[in-house]
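Let the hints inform the model, and build the full structure from the sequences given.
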Amino acid sequence: MANLDTALKDAMTIDGAIGVALVDYTSGMTLGVAGGTPEIDLTVAAAGNTDVVRAKMRTIEMLKLNDQIEDMLITLGGQYHIIRPLTGSNGMGLFLYLMLSKTRSNLALARHQLRSIEERLEL
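Per this note's numbering: the sequence shown = residues 11 to 133.
Treat the hints as calculated values from the structure; they're not laboratory data. Beta carbons are placed, not taken as given, at the ideal position from N, Cα and C, and that holds for glycine. Errors might be hidden in some of the hints.
[What the hints assert, rightly or not] Pairwise CB distance ranges (calculated):
1) Leu41 / Lys66: 19 to 27 Å
2) Arg68 / Asp25: 16 to 24 Å
3) Glu132 / Leu86: 26 to 34 Å
4) Leu73 / Thr16: 30 to 38 Å
5) Ser111 / Ile70: 26 to 34 Å
The structure is reproduced here in structure tokens:
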């Protein structure tokens, strides 16, 4: 089991990682951050994505789907943004938000590694 600091550090070892955050999507509050750039305020980006997560959760509920989000991918010109809601009982209402450089990352491997980090994360 990994604590939050260890999980964030592990996420930053993913090839192409720019930054990672743990976010509460009910409040928009960022609980932990690693990485980032001077041009990108990771806290603002992570908080802004709470609207994306909430909208998808509402859609799943309205459609009465008996399913949950595994992860969500936002593809920009030079970056991938992966949003992974936590599934453990301690992580309800939280998601991991990972920003990757498109040219320096392997998307499939990054998704696999983020899933592994999420499974080990103990809050």
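Structure-based check of each hint:
1. Here the CB-CB span from Leu41 to Lys66 is close to 20 Å, well matched to the stated 19 to 27 Å.
2. For the pair Arg68 and Asp25, the supplied restraint of 16 to 24 Å is violated, since their beta-carbon distance comes to about 34 Å.
3. Range check, Glu132 to Leu86: about 32 Å between beta-carbon atoms, so the 26 to 34 Å window is met.
4. Remark: the range hint 30 to 38 Å for Leu73 to Thr16 is upheld by a beta-carbon distance near 37 Å.
5. For the pair Ser111 and Ile70, the beta carbons lie near 30 Å from each other, so the given range of 26 to 34 Å is met.
Going through the hint list in order, the structure does not satisfy hint 2, though it satisfies all others.
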